[in-house]
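K.L.:
Chain by chain, the residues:
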Amino acid sequence: MRIASHDFIDRSRLARRRRTFFSAVFMLTSLATWFMADLLWQDGGISALEWVLLILFVLLFTHIAIGFVTALLGFYVINRGGDSRQITSTVKPGEDVPLASTAVIMPAFNEDVSRVFEGMRVIFRSLEETKKLEHFDFFILSDSNQPNQWIQEEVAWVELCKQVGGFGKIFYRKRRQQINKKAGNVADFLRRWGKSYRYMVVLDADSIMTGEALVKLVATMEKNPNVGIIQTAPRLVNGETLYSRLQQFANRLYSPLFLAGLNYWQQYDGNYWGHNAVIRVQPFIEHCALPDLPGSEPFGGRILSHDFVEAALMRKAGWAVWLASDIDGTYEEGPPTLIESAKRDRRWCQGNMQHSWLLAAKGFRPINRFHLGMGIMAYVSSPLWLLFLVLSTIHVFSLVRHPPAGTTGEIQTSLFGYAIAVPEAFTLFVFTMLLLFLPKIIGVILTVQDRDRATSFGGRGAVIGSALLETLFSALLAPINMLFNSKFVVYTLLGQGVSWVTQKRGVGDDDADWREAIITHAPHMIFGVVWGVSSFIISPPFFWWLSPVLAGLVFSIPLSILLSKVSLGKRAQQWGIFLTPEETQPPYELRRLRQNLAECYKHMRPLETLRDDYGLLQAVLDPYVNAVHVSLLRQRRPSEESRDYFAQLRTRLLWKGPEELTTKEKMALLLDAESMIWLHRELWCQPSHALAEWWRLAMRQYNVLTAAPITALYR
Amino acid sequence: MEPPVDPVAPSTRFRPRTGTMEAWNAAYVRVEDYLRAHRIHNRLHQSRLIQAVLERAARRHETNPALEPTTLAAEEIEAAMDEWFAGILDDKNIPPDRIAAAGRVALLISDGPQKWPYAFLDRHHVPPDFARAMRESSMQAGPDMQFSNMVPRPIDFGTISEAAGETLERFEKWPVLRTLVLWAVFLATLLAIFRATR
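So the protein sequences, as listed, match chains A and B. Counting from 1, one number per residue, gives the positions in the first sequence under our numbering. Counting from 1, one number per residue, gives the positions in the second sequence under our numbering.
Rather than coming from a laboratory, the hints here were simulated on the basis of the structure. For every residue, glycine included, the Cβ atom is placed at its ideal position computed from N, Cα and C. Treat the hints with care, as some may be off.
Derived EDC-like pairs: lysine to aspartate or glutamate, alpha-carbon spacing no greater than 16 Å straight-line [to be verified]:
#1 A:LYS664 with A:ASP612
#2 A:LYS181 with A:GLU159
#3 A:LYS362 with B:ASP144
#4 A:LYS316 with B:ASP156
#5 A:LYS362 with B:GLU162
#6 A:LYS570 with A:GLU582
#7 B:LYS173 with A:GLU297
#8 A:LYS169 with B:ASP156
#9 A:LYS92 with A:GLU297
#10 A:LYS131 with A:GLU159
#11 A:LYS195 with B:ASP144
Going by beta-carbon spacing under 8 Å, a handful of chain B positions derived as facing chain A [said to hold, decoys possible]:
#12 GLY19
#13 ARG30
#14 ALA37
#15 THR71
#16 ALA86
#17 GLY87
#18 PRO96
#19 ALA101
#20 VAL105
#21 GLN146
#22 SER161
#23 LEU191
#24 ILE193
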């Protein structure tokens, strides 16, 4: 059993920090509960419904208070010049720590191939510039199950290796079976090559890390042999739509407070967020192979959100897990639209809900249980909030029908000599708002008082204006997300997945998908209208109390469309709204990535008729793509039955065209080397009239374009 | 045994004795396309190769005119490539059915057609640096494997979770029970709302 970095911070000091944190949360929640109980008590007692309301209030307020106290502690840390107990401080500035073998792994699943490989190129080049490249190997671990993606990945890998001299340094692995999703993909890598590396840096397909950040991470691991995982705090970048720019602005402006606060009280009991983190391979192999949960998906079965559990297992085994929020040069991209964000939340919700099984797991550290609990509450708080609001409406309805005798519901106060009626709930309202918005205000003040930092956000005026707009938008988005998450939680509890309208592909940047927006948000709008009308009929003052929540719901469709617009995102950027330091002073790696991607995307795309099966087309038609693909396939001796099966698939593909095959059949052919060799030879040997029309067109089109080979890097 | 393709000295008086002009034109286009697909953009070299390939195809066509000239020409160029790649990569111990794939990969990685524009399919004048580049070009998708045993370890979920897990699994086996419980929850909610609004 490893001993965590107790020498780094003594137990009593850490206990003091945690006592401060939890005591503050407790006191704030107690105070707010007192206000709430007082409010409910006004009619002379607390009914059953009011008890339920009070309990829900306590749960929801605790959740808010945890965020608030974390931010407040972060403010304390930043204000005194930073935390002396940061894991990165173990490496002195300028210290040249000898590094160990490290694998940089990037799992990918049907991602934009150009983005994946251009990202890898940027990371590779950036590391090359640190002169420490020899310690690192790179792996693209593909689980793509679409023929186009798969073939493009292979082509892009070869092109990238050729262009950067990366053969023997950059590797590509495609799993035949996508068992256990990303966690299974990483485990597959570890089983094959884990022994060759002391560390692995796990990236997402949209991650970027600078060479300097990677070197610093590995150096920190080398200096701290008790540390199992160091998680960086990736910054959201490359947003183009108004929604993604809004998110990245909020992330950039407010997250330093929260991250500093988080590190203050969690220290070596940190969490793992699944990517942009370095992991010590051997203990991870020994302790982090995940078992299945009781029951089947979505609530049981395979663990979907593996990262929190892996952190808990590493901690259980005695390895420290740290958050290194002060490491720069670590980036990721956020979802471009509200609907895309909800799709991601759906997966995360399902995964986090599964963690309920692990809350009482034996041997887990209390802080890990707390992390798991917070992950669950991130989604469960939505239906609780919804229930709280609905029950409040019912409560108001019963108060209106049977008004308690002797209460006015208002108190009088004097302002400039005028008597003003103040609702009883006002104090509690102000208190709650303070907890919700004070961290944002502090974030703005911290930025505005530092001229350089303010300039990197576009100036003081831009920071204040953008923060006000962000607050407005986040207030409107909160009830929509509440309904989304409530639906996900309920569906998960009922053991069902959530169906989605397939997103239309191939639309221009601003051809907003109204159809998807209407179908997705119509229930929100209807719910908002019905609720609004009902509450207005019951009690107009209550309607005005609810109006911030109702506004977001009623206008959810136009809001969603508005936020998904790239043109508005760009215009906002020109006006200095939602600017981030990565936009005003983009680091070299991000500039390079943008330039390379622009180069990729400007090339001619294949004909629309051919586009859907362009990967298959290349793998069969192009001698080089065919050769690369065949070389990457394992040699197998197929049985007689499978030979017959492949023979009929092959002839169907050539004589009738790919539209006659299902994706599964195309994948089966692509996995069979013998078939791919046969198809290539046969296609070139057959006279045109013997081939399907689709192949004739493919050959004509391909001959026009082969002068400049179409690859994923030049699509 | 057919004579090897020698693009340096194609017959100057070659013309097919069998087959139609359209069929041989189609065969010409197919070989040209195939060479272009191999990024052989050196027109002079390309035309010599095409003529040599068509000569061989024409000789075969004379013996069996029922065959398509396009098919024969494509087979000829494939055979020529197999032979040429095998000659260049002779020490690599590659199975015969993979020789063309291995050769093309080597050609792609070494940028053969661009750097040595006259070398492709030339058996007699293979530049030594080209041959070396071809032989040294390798595409390694992964480093040597070093297997580790990564076996999931059971997690003790604790008494409450274990009991809940067993109940859930029982629920999954009895969908009727699950439905009844759902109905009961729904009814209880309705009753609660009814009671609260009286």
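K.L.:
Each hint should be assessed against the structure and marked as holding or not.
P.N.:
The hints, checked one at a time:
Distance hint between A:LYS664 and A:ASP612 is fulfilled; the C-alpha atoms sit about 14 Å from each other, no more than 16 Å. Restraint check for A:LYS181 and A:GLU159: not satisfied, since their Cα atoms lie roughly 27 Å apart, outside the 16 Å limit. A threshold of 16 Å between alpha carbons decides the hint, and for A:LYS362 with B:ASP144 the separation of about 38 Å lies outside it, so the pair is violated. Between the alpha carbons of A:LYS316 and B:ASP156 the distance comes to roughly 12 Å, so the proposed pair stays at or under 16 Å and holds.
For the hint pairing A:LYS362 with B:GLU162, the CA-to-CA distance comes to about 11 Å; that is within 16 Å, so the pair holds. Restraint check for A:LYS570 and A:GLU582: satisfied, since their Cα atoms lie roughly 15 Å apart, inside the 16 Å limit. For the hint pairing B:LYS173 with A:GLU297, the CA-to-CA distance comes to about 14 Å; that is within 16 Å, so the pair holds. For the suggested pair A:LYS169 and B:ASP156, the alpha carbons sit about 41 Å apart, so the restraint of at most 16 Å is broken.
A hinted pair counts as satisfied when its Cα atoms are at most 16 Å apart, and A:LYS92 with A:GLU297 does not qualify at roughly 47 Å. A hinted pair counts as satisfied when its Cα atoms are at most 16 Å apart, and A:LYS131 with A:GLU159 does not qualify at roughly 23 Å. Restraint check for A:LYS195 and B:ASP144: satisfied, since their Cα atoms lie roughly 11 Å apart, inside the 16 Å limit. Interface restraint check for B:GLY19: the shortest CB-CB distance to chain A comes to about 12 Å, outside 8 Å, so the restraint is violated.
Interface hint at B:ARG30: satisfied, since its Cβ lies 7 Å from the closest Cβ of chain A, which is below the 8 Å cut-off. The restraint placing B:ALA37 at the interface with chain A holds, with a minimum CB-CB distance near 5 Å, inside the 8 Å limit. The beta carbon of B:THR71 comes within 5 Å of a beta carbon in chain A, closer than 8 Å, and the hint placing it at the interface holds. Checking B:ALA86 against chain A: minimum C-beta separation of about 15 Å lies over 8 Å; hint violated.
Look at B:GLY87: its Cβ only gets to about 17 Å from chain A, farther than 8 Å, so that hint breaks. A hinted interface residue such as B:PRO96 counts as satisfied when its beta carbon comes closer than 8 Å to some beta carbon of chain A; here the least separation is about 11 Å, so the hint is violated. Checking B:ALA101 against chain A by beta carbon gives a least distance of about 4 Å; that is within 8 Å, so the hint holds. Annotation: interface hint on B:VAL105 holds; nearest CB of chain A at approximately 5 Å, less than 8 Å.
Interface hint at B:GLN146: satisfied, since its Cβ lies 4 Å from the closest Cβ of chain A, which is below the 8 Å cut-off. Contact between B:SER161 and chain A, as hinted, is supported at the beta carbon level, the nearest pair being about 5 Å apart and thus within 8 Å. About 12 Å separates the beta-carbon of B:LEU191 from the nearest beta-carbon of chain A, more than 8 Å, and the hint is not met. The beta carbon of B:ILE193 comes within 6 Å of a beta carbon in chain A, closer than 8 Å, and the hint placing it at the interface holds.
When the structure is compared with the earlier hints, violations turn up for hints 2, 3, 8, 9, 10, 12, 16, 17, 18 and 23 and for no others.
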